[in-house]
Amino acid sequence: MSKSLLRSASWLLLLAIVTVLVIAMDPIGRFIYFPDDYLVATPADLGMEYEDVVLDVGGETTHGWLVPGTGDQTLLWFHGNAGNISHRLDNLRLLHDRVGVSILIVDYGGYGRSTGSPSEARMFADARATLDFVLERGVDRSQIVYFGRSLGSGVALDLAVGEPPAKLILETPFESIRAMAAALFPRPLAKLIPQQFDNLSKIGRIRCPVLFIHGDRDEIVPFAHGQSLFAAAPQPKQFFRIPGATHNDTYIVGGAEYFETIRRFLAESS
Numbered sequence: 001m002s003k004s005l006l007r008s009a010s011w012l013l014l015l016a017i018v019t020v021l022v023i024a025m026d027p028i029g030r031f032i033y034f035p036d037d038y039l040v041a042t043p044a045d046l047g048m049e050y051e052d053v054v055l056d057v058g059g060e061t062t063h064g065w066l067v068p069g070t071g072d073q074t075l076l077w078f079h080g081n082a083g084n085i086s087h088r089l090d091n092l093r094l095l096h097d098r099v100g101v102s103i104l105i106v107d108y109g110g111y112g113r114s115t116g117s118p119s120e121a122r123m124f125a126d127a128r129a130t131l132d133f134v135l136e137r138g139v140d141r142s143q144i145v146y147f148g149r150s151l152g153s154g155v156a157l158d159l160a161v162g163e164p165p166a167k168l169i170l171e172t173p174f175e176s177i178r179a180m181a182a183a184l185f186p187r188p189l190a191k192l193i194p195q196q197f198d199n200l201s202k203i204g205r206i207r208c209p210v211l212f213i214h215g216d217r218d219e220i221v222p223f224a225h226g227q228s229l230f231a232a233a234p235q236p237k238q239f240f241r242i243p244g245a246t247h248n249d250t251y252i253v254g255g256a257e258y259f260e261t262i263r264r265f266l267a268e269s270s
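Position 253, counted from 1, in the sequence shown is what the numbering used here calls 253; the numbers after and before it change by one each time, with no gaps.
By construction, these hints were calculated from the structure, which means they are not laboratory data.
It cannot be assumed that every hint is accurate.
Unchecked claim - Distance ranges between label pairs, derived from CB positions:
| # | residue 1 | residue 2 | range |
| --- | --- | --- | --- |
| 1 | Ser117 | Gly255 | 35 to 41 Å |
| 2 | Phe239 | Gly100 | 19 to 25 Å |
| 3 | Ala41 | Arg205 | 34 to 40 Å |
Quick reminder that beta carbons are idealized off the backbone N, C-alpha and C, glycines included.
Make a model of the complete structure from these sequences and hints.
Here it is, written out as structure tokens:
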């Protein structure tokens with residue numbers, strides 16, 4: 001066998017071994033979800049009034065916090081893939097104080113005090129249960145806003161397609177899990193990753209104003225993902241680029257302009 005054929009055969013064997021290992025390790029679970037079941041604090045520790053919310057989701061429970069605001073709007077917050085709701089407290093306090101909306105933030109299955117395990121289907125069910133809760137509380141649909149950050153952008157977007165909100169905010173959104181995998185694995189392996197949270201195929205079906213927020217130094221979700229989603233979204237839409245912001249510091253680097261952009265977006269007539 002020639003050296004070139006031997007190298008090709010060795011490469012194919014290595015690719016086959018890695019493929020088996022990647023599939024066996026359940027890449028969606030191991031490389032996407034990083035839940036923490038310990039709550040480091042509550043809104044009360046930051047001086048905020050709040051209500052513990054426990055939702056029934058197919059026999060499992062989804063836990064969250066409802067922080068009342070001064071206005072009529074209620075923001076449903078779907079967070080990213082790591083930690084739990086307690087790791088968003090500083091951001092939550094600033095958003096609540098500077099924008100004035102009521103906020104309901106929930107943990108997905110397996111995160112915080114929510115039972116069960118995370119998955120795409122479970123997260124979508126968590127989102128639906130969250131919406132049902134505020135509707136049963138009498139909140140008018142015209143006053144409901146979805147806010148999805150990072151992995152939560154896929155949760156918020158999926159809910160928005162079936163149950164349009166008054167407004168939609170997508171922060172550091174990604175095109176799809178497979179598109180994200182393409183940056184981590186060789187292309188042949190990336191194609192083996194199940195096509196989940198396919199935001200790019202859904203964004204054209206939304207029927208509400210949408211605000212995109214993305215830092216141009218995002219080291220996890222490429223800035224280009226936010227740009228491509230924005231290009232594919234129907235009007236009305238806005239894009240807020242935060243120069244120098246990475247994946248987890250958008251609200252810090254964005255500062256007062258970050259919160260003012262959200263406040264103006266929510267105050268605009270649809």
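- Task: Evaluate the given range 34 to 40 Å for the C-beta pair formed by Ala41 and Arg205.
- Result: With a Cβ separation near 38 Å, Ala41 and Arg205 satisfy 34 to 40 Å, so the hint holds.
- Task: Kindly confirm whether 35 to 41 Å is satisfied by the beta carbon distance between Ser117 and Gly255.
- Result: holds, 37 Å
- Using the beta carbons of Phe239 and Gly100, state whether their distance is inside 19 to 25 Å or not. holds, 23 Å
In the structure shown, no violation is registered for any of the earlier numbered hints.
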